[in-house]
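Turn these sequences into a full structure, and let the hints steer you where they fit.
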Amino acid sequence: MRRSGHRGPRAGLRRRKGGTAVVRHGPTAGGAAGGQPGHRRRGGRPGPRRVIVDAHCHAWRRWPYETAPLDCTAEALLRALDEHGVDHALVVAARIGRPGAHNDDNNAYVGAAVARWPDRLSLAVEVDGHWSAEYGSAGAADRLDRVAADHPVAAVALYPAPGADGWLDHGPGADLVHRAGELGLPVSAAVTPQRRGELRNVARRHPGVTFLLHHLGLPSRGRDGGAHALADAYADLDNVYLKLSGLHYADATERFPYPGVWAGVVEPLLARLGPGRLVWGSDFPAYRQRATYTQARDVLEPSGATACPGRELIAGNTLARLLGLG
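Okay, so the sequence shown: first residue is 1 according to full-length UniProt numbering, each after it adds one.
Beta-carbon label-pair distances, calculated as ranges:
hint: 1; residue 1: G85; residue 2: G276; range: 19 to 29 Å
hint: 2; residue 1: E134; residue 2: L183; range: 11 to 21 Å
hint: 3; residue 1: D236; residue 2: H170; range: 20 to 30 Å
hint: 4; residue 1: R146; residue 2: R205; range: 23 to 33 Å
hint: 5; residue 1: R205; residue 2: Y65; range: 33 to 43 Å
hint: 6; residue 1: G85; residue 2: R290; range: 16 to 26 Å
hint: 7; residue 1: E134; residue 2: R98; range: 13 to 23 Å
hint: 8; residue 1: E301; residue 2: A133; range: 39 to 49 Å
hint: 9; residue 1: R205; residue 2: D71; range: 38 to 48 Å
hint: 10; residue 1: A271; residue 2: R116; range: 35 to 45 Å
hint: 11; residue 1: A229; residue 2: P207; range: 14 to 24 Å
hint: 12; residue 1: D142; residue 2: A263; range: 45 to 55 Å
hint: 13; residue 1: A101; residue 2: E267; range: 33 to 43 Å
hint: 14; residue 1: L183; residue 2: H102; range: 21 to 31 Å
Simulated from the structure, these hints should not be mistaken for laboratory data.
Heads up, the beta-carbon is just placed ideally off N, CA and C, and yes, glycines get one too.
Here it is in structure tokens:
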């Protein structure tokens, strides 16, 4: 793996036990020792600047989809972070691939990138994705133990099959959640509307486990009760957070800035859950089939004029706290 040749304006964040995120300014940040200036407090002292953390992105050795290949490597991700002023990213591993372009080693690939750039990247390790041979079999917690021993793990990524079959409630997925709690790891999960009941049950049993649900919890605008059903499912579970990513999953006909999804899904969720329960993610590199990284980042300001309420929480402050970055 080649080192990224450009550090960009951000110095990054590193995981630590407990506490809130504190930006560490390196010698290249802002061009001078002491780093990039922060916001000025009264009296001339610089205050802490806003933290930006990408809650949902991927990095693969090989482009996994049946579309024209794009640069999906860890180096490409770092360039995107640098160019857009993003401090840190949670890279969600996914051992997927098309024929002849498998990524069975994705945990190891992302783990190596995290070891090289620990101030910029964290790993959500994939265990027992529904595409894997192990899915549904006994021993899931032991498999998590083994992968956690081999890689610098910050979270556990769960990709259950779409339908409700008890995997997450009382099957191997429940075992993974239990072990994640013992290890002190958040759970990053793709949860379809059919599995919301399972997620509610397991989240209630494990109030100390943080759940980060991919792509706003996968609501469909105008179907499955939309945002209101989603909010009803999770409003009383303060350990469940929604990733503000992949807005096109809510309505495949929409393009940036997703006005219908914003008005029909995001705004009702913000009103019901509050900005402290949403965390922004780009969905790199998959988003590149539909938008630019700039557009993915600027989804927080869809009007182009008025900032989303609670933008600093959504943009990174909340996730930095949950991941123990600082």
